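There are 4 protein chains.
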Amino acid sequence: MLNIGIIGAGRIGKVHAESITYHVKEAGVLAIADPFMNAETEKWAKDLGIKKVSKDYRSILQDPEIQAVLICSSTNTHADIAIEAIKAGKHVFCEKPISQDLAKIKEVMEALKGTGLKFQVGFNRRFDHNFEAVREAVKTGKIGDVHVVKITSRDPDAPSLDYVKVSGGIFLDMTIHDFDMTRYLSGSDVEEVYVNGACLVNPAIAECGDIDTAIITMKLANGALAVIDNSRKAAYGYDQRAEVFGSKGQVAVTNDAPSTAVISTENGVTGEKPLYFFLERYMASFSKEVSLFAQAVINNTPVPVDINDGLQPVLIAKAAAKSMKEGRPVKLSEIEF
Amino acid sequence: MLNIGIIGAGRIGKVHAESITYHVKEAGVLAIADPFMNAETEKWAKDLGIKKVSKDYRSILQDPEIQAVLICSSTNTHADIAIEAIKAGKHVFCEKPISQDLAKIKEVMEALKGTGLKFQVGFNRRFDHNFEAVREAVKTGKIGDVHVVKITSRDPDAPSLDYVKVSGGIFLDMTIHDFDMTRYLSGSDVEEVYVNGACLVNPAIAECGDIDTAIITMKLANGALAVIDNSRKAAYGYDQRAEVFGSKGQVAVTNDAPSTAVISTENGVTGEKPLYFFLERYMASFSKEVSLFAQAVINNTPVPVDINDGLQPVLIAKAAAKSMKEGRPVKLSEIEF
Amino acid sequence: MLNIGIIGAGRIGKVHAESITYHVKEAGVLAIADPFMNAETEKWAKDLGIKKVSKDYRSILQDPEIQAVLICSSTNTHADIAIEAIKAGKHVFCEKPISQDLAKIKEVMEALKGTGLKFQVGFNRRFDHNFEAVREAVKTGKIGDVHVVKITSRDPDAPSLDYVKVSGGIFLDMTIHDFDMTRYLSGSDVEEVYVNGACLVNPAIAECGDIDTAIITMKLANGALAVIDNSRKAAYGYDQRAEVFGSKGQVAVTNDAPSTAVISTENGVTGEKPLYFFLERYMASFSKEVSLFAQAVINNTPVPVDINDGLQPVLIAKAAAKSMKEGRPVKLSEIEF
Amino acid sequence: MLNIGIIGAGRIGKVHAESITYHVKEAGVLAIADPFMNAETEKWAKDLGIKKVSKDYRSILQDPEIQAVLICSSTNTHADIAIEAIKAGKHVFCEKPISQDLAKIKEVMEALKGTGLKFQVGFNRRFDHNFEAVREAVKTGKIGDVHVVKITSRDPDAPSLDYVKVSGGIFLDMTIHDFDMTRYLSGSDVEEVYVNGACLVNPAIAECGDIDTAIITMKLANGALAVIDNSRKAAYGYDQRAEVFGSKGQVAVTNDAPSTAVISTENGVTGEKPLYFFLERYMASFSKEVSLFAQAVINNTPVPVDINDGLQPVLIAKAAAKSMKEGRPVKLSEIEF
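Residue numbers (this note's numbering), protein chains in the order written: chain A, 1 to 337; chain B, 1 to 337; chain C, 1 to 337; chain D, 1 to 337.
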């Protein structure tokens, strides 16, 4: 059993702490640290059976009982903490994105080199039942050679403008998951990106220099094409669908809903809206990704989402931002790394 | 090409006249007769290209150019006209039911005996694309041996009380189609019927001595079980579904709708209601049944719905009425014929 | 927080122990007892954090730290242990059925009288997301007055003949859940039952005096009708559907599947089979029912499934068995209690 | 009633002749002309009741009994015949595209100017039940302001290479319908196009200078975005879907199938493939478009698809071809007209 220390006790840190405690047999949370640790959070941690609670993540890095850390701190601290953790000899599970800054990712990659430590990135959607089923169909050849990947990803509501300002832009904040999905579902790298974007949900987002609606097309290394459509606000809730079309057919997944209930009246035949947002929709994927991380550490096998899988979506996001700015398709090779 | 005379120019007579003219290549309507023939209907007939229009169906029976008649008159006249038509040497397509009176059906059967004439009964639902697909799956063994047949059949609104009074009761008027479906989908005769019925839609229907809601279970000759649920009024429209469950699986059909459109808003995910009633839902089956009748006459092959197929649902309906009255399962062998 | 002792460490006892530990905030498992307790189960219990492990359930009944017991022992011991537990002053959560013997249920009811103790019966399906959505639609009047309740309940495979022999028959073993569903979804008691049953899956089940395929129709106290169709073996897996039809429309739920993936090829458009069996399908309902039980104890409010809710399905099952035997509809009032 | 002459008795000419005869009450086919008219086609025409059959379309243009012509000849003759017909004072229904040559379309527009004659273009999909339902939802504000239009359009099989060579390229031959759909569903013109295309179905198509797989994104005049994905070959048949997403929600339509039958076995839950190709899928739209054309002529009201609606998709197709060639987004204003 792997002893884990969690760095960061915000929303996602708490989600991981609870999901590991209740659902991950291969790991336990020994410690949690957060600079804003307060009495309430401390009580929550104790109730969960976490023995060590601290304000300083270094206490986790120095703890010889801890073999691995989960980095759930704010995005701009991910890379530096990851490097410190690697130097302290800890295996690392790092929330996405590793960094908004490619130079920082490079530093992490260099720190990691030769250490033999495991480094996994938190692209949890790869462990969602629906997307796993799509990948499985593609991998087992059920749809033949991949021709087109299509992803629809819409949030239930736009984030606050304060959040938008520090988010790094829609591509690094939201589409990054879809870029990862594109690679995961197709089994191929991305070579070129073109963005057709607009600000249609809230004009104030444009004033922050961002967009809220986008259609992003890509050319993949295996010759296939891909398209993502994003919106920051779908009135009916979190819309998370994907299709992969190939020489022998298509596999498609649609949304999960709270129930299968359909009510037929004189007004129509009405089913439930999709599950509201990512915590409802993807909860099971959080325990699965950590469980596989723990197994990789314990058995010394490759992690399912490695540091290159963490890097590539950032590169694609950078290319997408450049495409949006310059109004032309941008090759990933144009992005300096 | 078969020259047809239509007897009865009410709703169903007109449906047949138009559907034959436009969609049945093997037959044409040469004449139509109705005791209430008026100028408007006569104009409609002429516009359709029907050459001979009359108030007296005997003009059709005596017409040597006519090989076959469609009996679309009121139910209580079906049998007598059928017998006259047979005696006049005409092939007969008779709307359902042949008669509400079993003795009359017997007379028709006896008149038919040895004549070599074709006699088909208008159980059009057998020629509906959905039910044909169910039958095909059963017949080709896709679901193995039949264990359970389930039919849901609900009208969009209850008929007028005047109609209820002369309808012969829900079993002869409405369920008769479902009794035929039970036989068609299972490929088996019915041996025993039990009715669990009530008057829940409109209490005035109970005052007419009828019910408006029923669950009817049956034992079939091949050992399988069947169940029909009926209602005279579904708020969302005409509900016409069927399932057949067997040793290897299940085949199910659901309703047809005007379009596949689904609207997702904050209020839910809403599709269209089923097609409103039988003319919308089953239109294509009317031309198909007559086309097959014409082919049977022309090629001297068996009709797809013969006089026994017309008789059996009446027998089941009689047993159902007896079951409802006596509150017990009734065998078809108890019905005198 | 409620301290619970679990009596019986078989499959369902273990399911409850794990689901309470991981998912029920209001309760914890302090002790578990089973006459066949072995080293493996003891280790499992300790790993789960259960402090007291025993072969004798009386150690639980005598434990002053324990406020409530979960009776998960074999069916024939439920009632006697329940009575002992009541006498020991423990609140009781009893797996279904309370007993196959109505006299025993009566004894439990009498033991309970005046004690103020909570007694809940384990009809877990009431806490399934799909069936809750149906109940909610009915209760809030979305479909108007209830006219017809329809339940399809098919197992993925027939049980062993050894199990069939001690099961108490299909109605007490399998349909009992559907009888409870009928009451829950309709909000009404059952007054009369008629069974149309057969042995179509495995003839050896008939030799055990049981059937494996049934259509059961019921008249409800509120005037509505109900129908259940059961099979011991659906080739495609666990089939758990329900519909309630009323004056304003219908609410229907269908099966849950492992994913929403649909693969379209030249062979057709294929989705996943339903979740295989009850542990996959109904897992979340087990923690919810115990959570609500714990809340009822803690807040001294009524339990959601009381002892009468435990009695009624047994009465219906007895009436169903009598109907099957005598080939006629049987009123619940005919069953001596 | 409008007397129509059909010019061209190939596949689409015959479809129109039959659909007008059987389904269009406001019009009749008086004459048909085709340079390759043979005995078989002549017999077919006579059987259908078409009185005048000819090899020379000018006989139709000169016929004073004929008020309108349907131009169903080969694409490269559309414009010249249209101009002749206009000069002969005939109303024109012209199959799509008017021409692959923009200068020719300009000539038609100039010939038409001031004549008061009706000119409709055969974008039949606007009259399909599914797409009409999408348009209706958009038009009535059910989904709010339009943000994103998504169209999936895949053929069941790639055309012959001989056809590919004269087709004018995928955009003028196949996507042209989807360009029209984009305008119809959004209610907006297109301003800019970017094509992400490849040859993945059949490398021989690339040798003809064409592609067979494409993702096409567009900026619309109303600020919305649009995306079309095309493939020349979907293994499961004709895939014709659309979604429009807006500020209040989404409307989506999926494929029509031969029946609603779903077969559940141990191999999965399998429904039918989409209707195979455009004649099966869009048959009803052919009579509806001509019926509306006839009404527009008879009542002197605007046609539902006017000459500008015929022009715009050709402009978009030209921009798309330029985008594919130059690897950049192309504005419609760059296309000389």
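Be a bit skeptical, because a hint or two may be false.
[As the list claims (entries may be wrong)] Straight-line alpha carbon distances no greater than 20 Å define the calculated EDC-like cross-link-like pairs of lysine to aspartate or glutamate that follow:
| # | chain 1 | residue 1 | chain 2 | residue 2 |
| --- | --- | --- | --- | --- |
| 1 | D | Lys-43 | B | Glu-26 |
| 2 | C | Lys-43 | A | Glu-18 |
| 3 | C | Lys-52 | C | Glu-107 |
| 4 | B | Lys-142 | C | Glu-272 |
| 5 | C | Lys-288 | A | Glu-18 |
| 6 | B | Lys-165 | B | Glu-191 |
| 7 | C | Lys-142 | B | Glu-266 |
[As the list claims (entries may be wrong)] Chain C is faced by these chain B residues, among others (derived, beta-carbon under 8 Å):
| # | residue |
| --- | --- |
| 8 | Gly-141 |
| 9 | Lys-150 |
| 10 | Asn-196 |
| 11 | Ala-198 |
| 12 | Ala-221 |
| 13 | Ser-231 |
Hint data in this document are derived by calculation from the structure and do not stem from the laboratory. Small disclaimer: the values here were computed from a predicted structure and weren't measured. For every residue, glycine included, the Cβ atom is placed at its ideal position computed from N, Cα and C.
Violations among the numbered hints, reported as their numbers in ascending order: 2, 3, 6, 8, 12
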